[in-house]
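Trainee: Hints given; two lone chains; assemble the complex.
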Amino acid sequence: MHLTDVEPGTLGPCPVAPDALQGIKRQQTNPGRWNGPNWEEFAAAVRARGIELRETPAARAAFATDAGGTAYGLAHGVVIARSSEQIARLLQAAQQYRVPVTVSGGGLTTEGESVAFGGVLLDMSGMSRVLHIDADALTVRTEAGIFWHSLAEELRRQDLDYLSAPLNLTSSVGGTLGVGGIDVNSARFGCSADQAIALQVVTPTGDIAECSDTHNAELFQRVILGYGQFGVITEATLRVRRYTPLRMHYFYYASLRSAIEDLQLLDRNDASDYSGILTIMDCAVNVLVAFDSPEREAAFMAHWRPRLSAYGELGFGLRALIHYALRPWKLREAWYLLERKRELFPELRRSEYMRDGTMLDRSVVFSRAVWKFWGGRQMVIPDLATSAAKFIDAVERGNAVCRKFFPHYTLYLVGIKLRPEHRAHYEMSCIPPDAEGWAYGCEFEPMLDGGAYSRDYLQSFKNEIYDIGVDLGASYYRFGGMMKGYIRRVFGDALVDRHLALKRAADPEMILNRHVIF
Amino acid sequence: MFGFPISTPRPRKDYASCSGCGLCLLVCPVWRRSRDIGLAPLGRAKALQHGAVAADIAESIQSCTLCAACEPACPEDIGLVAMTLDLRRQLIQPAAVPSLRARMDEQAARPLAPRPSSSAVLLPGQALREHPGTLARAAALLGGMSNIPIADDDGSDIALALEAGVETPAQRLQQFLQPLRGLKNVAVADGLLLRHLRQWLPGSKIASLGLALSSLAQVRRALRASDLYVIEPRAYHADYQRLVKHYDALRSDAGCTLNLDLQRIAIPASARSLAQRLEPETAADIRDDSVQARWILQGRNVERIVVENLEDSAAFERVSKLPVVHLADLADDGTS
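Read top to bottom, the protein sequences are chains A and B.
Just so we're aligned, residue 1 is where the first sequence starts under the working numbering, counting upward by one.
Just so we're aligned, residue 1 is where the second sequence starts under the working numbering, counting upward by one.
So here's chain B without its partners, still in its complex pose (with noise of 0.2 Å):
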């Protein structure tokens, strides 16, 4: 059996840390929408420390959409993502669940992927391989000389089973990391991924498909002054402090625009609720992401929308005219 904790990892403060203050609401989007105490971390933690127990706050848990904003925003250093995926955890689940379980069996049931021939590996994620020019441009920008391998296991399944709060077989988890262990580089498109291959792949330096392309001077050189670069939230929010500096001085490169607060929290363009993710076809309710794009582009005189993250441009797309363009496909653009 592997080594590897199977659960997110303990957070050094949980809710009876929380000391009210509030910041999480002023980053929080579903707080944004709804205008609901009930309905955010603040809500959530006051409940707990009150009496209440999963099931009370039910409704809450699962709205949470896990752009991870709040997280630094808390002074107190409440590991509320983690918070809220335990609590996930202690709800009935949803009833998408055992579909979902049934896929990671049938993954888990597939042979091993062979090991990735260079010392990186891209998991792309469902929405990239929806797009595989763009995907293809992204793994030609990060390979350099030659393509950055993709996986063909990138723990899509696993990814929504961490944000469902059902837990991954340990068969499957071992099948997933298998080839990816004692790998130098692993870029993640998915954000709460990420979190985890961090804990999962000690040895491996994990980055966001967002950091590692826009890291590539190719890339910056292809920003202009006029775009809105909109970051992914939940790679940006799970190591804030070090990604803080590094937008900062890509805002400060390429003068454009960045989908951060005064905070210089990330807002998140998209907001789906669990729901909206287990179940897109049946619980699609765009009204969270045009609150959300619509609030991003509030005042800001921009003309090009750049988005890390492809399920943004839907968002964009719904509430601007405005063209909105992969990260991947910058260098390719030819009105750079």
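So that you can see chain A by itself, here it is in the shape it has in the complex (with noise of 0.2 Å):
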């Protein structure tokens, strides 16, 4: 048997048929680490330019592991970004020596992407300034390792908000640049990598460059959602809005077909300006749709709700009540309910962040119980994201993967609605190439709490919740790092084999966040 030779770093074609593993259990795949040649040299090197690296245990341990937790690693030194200056000179040292640099922003990947397993880790978030707010243009100027609560509570002050950023704190703006983002007013605005208007960047051979759309146009193109294979995003011109609080409403369904018939009806008549969908259990489902005025809300309930076939809180309590009344057998699935319910929902009305009976900061409230709730030392949030055709059937089929492997698990589901002037942004990427409109995207996320499951049992999982993204045709948000065997399967030889010239000749020695995708 031959194999292809590999270039190191690089994880090369895969040797087997896309098919031939399905239902195998796999090993994950956690790259090598990075011995260490040259890191003497490199490390007097990189001093003598000016920067500082730590190399103390105590240092390195702090990015050992991501938020998933299953990927662990140690750099041999750690630098905290200060100045785009700063960044070009260690990626120009680490072009000369060949030293691996990983980028972490909020660290809230769940695959190792942001775990080095040797090399250089560079800390985002000491970027993290806001640079310049205008507040007539609607656009901020923020450095990029910022996280987006940060901007959140920098824009607030001027009355001002962002449009669309992942439900949580501490996501960095450059970290979500690079994988796309989604919020519950994605359906109306995009991922949040499509809010970008420009950014600074620097390249893997330390060239500091502007980008954008109409400026080094093919650079942006590769950056925006490119997994941070060809630069770190050091600064970001984002479009804002102006804040308004939330007008939330919460419906109820038994079941996850009519849940999400209804979330697509809603999203292609614009008929909200927040919708999302979020799983208690796959028998009690829940919209959430909001607005951000009472005349869009009037107008939702005067047209939409009626048409759409969900329960209110009461009407789902008493259908629950007759359901578990004729299925005692099915006691403990009520209490698992009733329970959830119980510590849940408080959590999401809080008074302090309510005002008027509107929701002040939805980021906040959500951020805080998702940490909460499905927070821990371990996570793993496999994904599927398709064209809006196939997602019945992705989520569906998911579902029953989660049913076989956990007692209990969240699904999270939002629309996305595709910008076509964007499209070369979107290739190999978590958007999927036939969608049209909107593609959407299902996070399967099991309650580990409490359970000891090994690393092999989770990655079994993530494999079967992927291989229906293989059978299906669609994408996914998290395909680097662990689960980048399947890169190739879902994307093509020729398409990754193209992404992959273009990342060697932007990054002659594979140096910056090299275990991720190739």
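Hints were generated in silico from the structure; no laboratory data involved.
It is possible that some hints are incorrect.
[What the hints assert, rightly or not] Calculated pairs, SDA-like style, for lysine to any residue (alpha carbon to alpha carbon, straight line, at most 25 Å):
no. : chain 1 : residue 1 : chain 2 : residue 2
1   : A       : K417      : A       : R268
2   : A       : K330      : A       : K341
3   : B       : K245      : A       : D159
4   : A       : K372      : B       : D239
5   : A       : K372      : B       : Q49
6   : B       : K321      : A       : K404
7   : B       : K321      : B       : A217
8   : A       : K404      : A       : A320
9   : B       : K321      : A       : R157
Mentor: This is the structure we're talking about:
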């Protein structure tokens, strides 16, 4: 058997037929640790260039894993990002000494993408100043290591808000622009990466470049949704908007299919300003719908609410009561639902985050709840991103996999409005190539709290979810790191090889985030 | 011997539970100044999870201001203040500690303070004692018809020892607590001391000076919609679940602006490290205060700053020309 020669730090073509491992338990694919040749010379060169390089165990340990908590690695040294010039000098030295550089923003990857398996860990949170807010043009220029919530704090002082960002307070702007970012208003505004107007990027060879759709467009297209392969985003100009509190409504469903049908109905007709699905169980599905203005809310209530097959909270409660009264053997399920409602619902309605019936900060409310109820030392969140037509099938099949592996789990589903003018950005990204109008994403998040699961078990679960994507011709949000074995299967060799050639041209020594994609 | 614990109460969870969410960074004044994860609770927890010991992260441990903003932000409910104090106890003590020990010994040698004549007492702390007029007004306001007694021994040395991770001699602690036992209400200006008094005096109602004063109708009436009201963060975060509602109601009643962020965590106006508290003359560094006070004021259209903690006054006076007034002085403010 002949195996193709593989360049160090790259995965190379998959030698296994795409359908050869269906249903077979596979091991995760942590990259090998870079063993540190030239490290001492590199470290001396970096320090000579005025860069603080931290090599103490404590400094390196702070970045030993990511939010997933299943990939562990130690960098040889940590650099806190302070300026574009500093990063340029670092990357120039890294090219010269062939030292890998792994970039971490909020560290919220789940597949080890922001974990350094040797080499340098570049902590972008050191660059997190807001540089300029233009309240008239509704734009902000910010350093890209900033957390979305820190950006929101500054924007709010001028009665502004970002357009869309992950419902996670400590996602970084740069990291999000590199992978996508979804919010409950993505069905209207697109993914977070769509909000970027211009970027400052330090290329893998250490050049500092400004780029946008009209200037250095090819660099812009590759860096946006580029999984950190083509440069370090150091500054970003983003669209922002006037701040408005949300008028939130929750609707309840007993079936995933009918909830998704209604979600897509709302999205197609621009019936709400925010929409998404969050499940407690697959028989207790919540569609959240929210509005920026009473006018939009009233229009929804008049025209669209009657068309939904949803229950209100009371109606769903009565339905559940009858359902479980007739099925006493399912009392444990009923008890779980009741407990979940008791714990979770008050958290979503805390009085300090509400005013006059409106929710002041959706990201605060949801992010705090997410970390409180779903967070932990380990998290696996495989996902599927499909066209609208394939979405119900993908979710139902993924739900069946969740049921097989875990007693309890949550699904988070949102639509993503596609921007035809951004088609070039979407290449080899979470946006599936066959999606038109909207793409849909579903995260499958098991509740691991209290359970003991091996990494192989978790990896098998992820593989089964991702196999659905291969089968359906879908894409994924988290296809890097430990899941990169799926990249060639979903995107095909031709596209991946083209991107690999671009990567080699941009990053001759393959030093930047080398283990993430290739 | 007394039956109360001398060390900090054990947290429900410790650093091992840190999931790395990073929410503590968003509220940490040290992180805001340094943008260095290693100096924030997240960095300490992750370092400890991966084999570091206290000495490896000494700079981080000492730089913590104990504002406790990270505690209500932490979704894992980790006792972050207790964790930091425990770590401080494991470190070689700063040079100023012997003088602090001597101060506690000297205090312990004094006769027991008389028991207050009323069922309530005010522990004003060093900063308020340095402003006798404000202290007198606070005592008058809290006393209603008559002044609330001001404790001669307000435990300032014990508060500093708690902060430094220095064990308080049992005799000193006994001497401090004995006159307070059985009192119904204790108002305390020091937020770190308040946290411990709750454990040491379970039968008493322990309230921060800010909470006690801001609950008074005459004080609330004196607040204006154009005020920036600066909550003392240590006491606020020690009782966050309850006080977030108290201050939300205060904001709603008075219409004033609070030093709260979007998570409703108090932004500390001053952020002094341990060294700055132990040796203010030699280690004084006003950068922290400037960063924090500027951030609180950024983009806010206010005409007056009302502080619960006098230590915050100086921070605002350094960065702003706005009048700064203590809560206790509000009711006497002729412009109100």
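Trainee: Run every hint past the structure and note whether it holds.
Mentor: Each hint, compared with the structure:
Our distance criterion of 25 Å between C-alpha atoms is met by K417 (chain A) and R268 (chain A), whose separation comes to about 10 Å. Restraint check for K330 (chain A) and K341 (chain A): satisfied, since their Cα atoms lie roughly 17 Å apart, inside the 25 Å limit. A C-alpha spacing of about 23 Å is found between K245 (chain B) and D159 (chain A), which places the hinted pair at or below 25 Å, so the restraint holds. Taken as a hint, the K372 (chain A) and D239 (chain B) pair is honoured in the structure, with Cα atoms around 19 Å apart against an allowance of 25 Å.
This hinted pair checks out: K372 (chain A) and Q49 (chain B) have alpha carbons roughly 20 Å apart, not beyond 25 Å. About 65 Å separates the Cα atoms of K321 (chain B) and K404 (chain A), which puts this hinted pair outside 25 Å; it is violated. Between K321 (chain B) and A217 (chain B), the direct Cα distance comes to roughly 28 Å. Violation of the 25 Å bound is thereby established for this hinted pair. For the hint linking K404 (chain A) to A320 (chain A), the alpha-carbon distance of about 23 Å falls within 25 Å, and the restraint holds.
With a C-alpha separation of about 20 Å, the suggested pairing of K321 (chain B) with R157 (chain A) holds against the 25 Å cut-off.
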